[in-house]
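Visitor: Take a look at the letters that make up each chain.
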Amino acid sequence: MKMLMLFSDVMIPLIFVTIICIGLSKKVPVFDAFIEGAKEGIKIVVDILPTLIGLMIAVGIVSRSGLLGFFTTSLKPLTDQLGFPAPLLPIAMMRTISASATTGLVLDLFKTYGPDSFVGRMASIMMGCTETIFYTMTIYFMSINIKKTRYTLVGALLVTLVGIIASVIITYSVF
Amino acid sequence: MINYLWAILIVLGVLYGSLTGTLGEVTLGAIEEAKAAVALGVTLIGVVAMWTGLMKIAERAGVIQALTRYMAPVLKFLFPNIPERHLARKHIATNIIANMLGLGWAATPAGLNAMKELQKLNKDKEVASIEMCTFLIINISSVQLISINMIAYRIQFGSDNPTEIIGPALIATIVSTIVGVIFCKFMMKVKTH
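Heads up: the sequence lines are chains A and B, in that order.
Last residue of the first sequence: number 175 in the working numbering, and the count goes up by one each step with no gaps.
Last residue of the second sequence: number 1193 in the working numbering, and the count goes up by one each step with no gaps.
One or more hints might be untrue.
Straight line, CA to CA, 20 Å or less: simulated EDC-like cross-link-like pairs of lysine to aspartate or glutamate [claimed, not checked]:
no. : chain 1 : residue 1 : chain 2 : residue 2
1   : A       : 39        : B       : 1117
2   : A       : 147       : B       : 1059
3   : B       : 1035      : A       : 47
4   : A       : 27        : B       : 1059
5   : B       : 1120      : B       : 1164
Non-contacting residues of chain B with respect to chain A, defined by C-beta distances greater than 12 Å in every case (computed) [said to hold, decoys possible]:
no. : residue
6   : 1028
7   : 1075
8   : 1113
9   : 1114
10  : 1128
What the hints contain is simulated information worked out from the structure, not anything from laboratory work.
C-beta atoms are modelled at their ideal positions from N, C-alpha and C, and glycine is treated no differently.
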C-alpha cells in the first residue's frame, strides 16, 4: 500500500526528471522545448473550453431538476430483477456522461454505504473499467468538426455494458 | 448526434424542473456549472500545458518514438490502414500508454492530437473514419491498469483493504477491452468489404 502511494507520489516528479535528463543528454534546449509545447497545450484547452461549458451546463440542468433521480427511482423494479443494486444506477448512467459528476456520486455512495460494502466494491470496480462515453466522444469529435460518428456510439455503449456486466459478475464471485 | 443529445438533456431537464417546481435549482445549477466549467478549464490549461511542454522535450529527445516502437505491433493490429511512420500512430500510442497509467489528463491532449492526425488521413472531413471509431471505442473501453484515484477515495473513506479492487477491476477492464477489439475488427471488415 505504502509502495503504491509512494509510486503515485513520485510518478510525476520522476517523469519530469527522466524526460529532462534524457533531453539534456540528447542536447535538446529543454526550456525552449517546454515553452513551445506548453503553448500548444494552452491552445488545445482553449479550443475545447466552449464544449466543456456547454456540456457541464446540460448535465447540471438534468441533475438539479431531479430528472436523474426520477429515472433511478422509476427503474428500480427493473434493476432489482436483474440483480443490479439500484444505488449504482445513477453512477452507471452518469458514468457515460460526466466523469466529475460520477466521482461525486461515488463518494456519496462511499459515505452512505462504506467503500467495503458490496455496492461500494462494485462501484469501485465499475469505475475502473468504464469511461465517459458522451464526454469523450464530444470532446474528440468536436475538436475536428466530425458530424457523423458512425458506429462509435454503438461500440462505446457495448464496451460499457460489457464492463458493467463484468463488474457485477466479478463482484458477486470474488466477494 | 451531439447536437440532439445536448438539446434533449437541456429541454427535458427544464421541462421536468417546471413540472416539479425545481426551476430555481435548475437556474442555479446551470449558472454554477458554467462557472465550474471555466474553473476546470483554468486548471486544465495549467496541467495540460505542463504535460505538452514536457512531451515536447520528450519528443525532441526521441522518447516518444521509442515508446511508439514498443506499441507498434498492437497499433499495426488495431490500425492496419495508418501508414507506418504517420504521426497519428505516435499520438495514439501516447494516449493508450497514458490511459494505462491512469494519467487521464495526459491522455486527452495526445488523444486530441491523434484525432487531428487521423482527420488528415480522412477522406470525408465530416464523417468519422474507421480508425477514429476504433480509437474512440478502445479508449472508452478503458485500458486503465490501476485506478489510483479510486484507491485514494477508498482510503479516504476508511476502507480496510483499499487495493482489493485492483485485480477484479483489471479483469473487468480486460474483458471490456477484448470485446471492444472484436467489435472494431468486425466492423472494420464489414465496412471495408
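Visitor: Could you tell me which of the numbered hints above are not met by this structure, giving the numbers in increasing order?
Guide: 2, 5, 6, 8, 9 and 10
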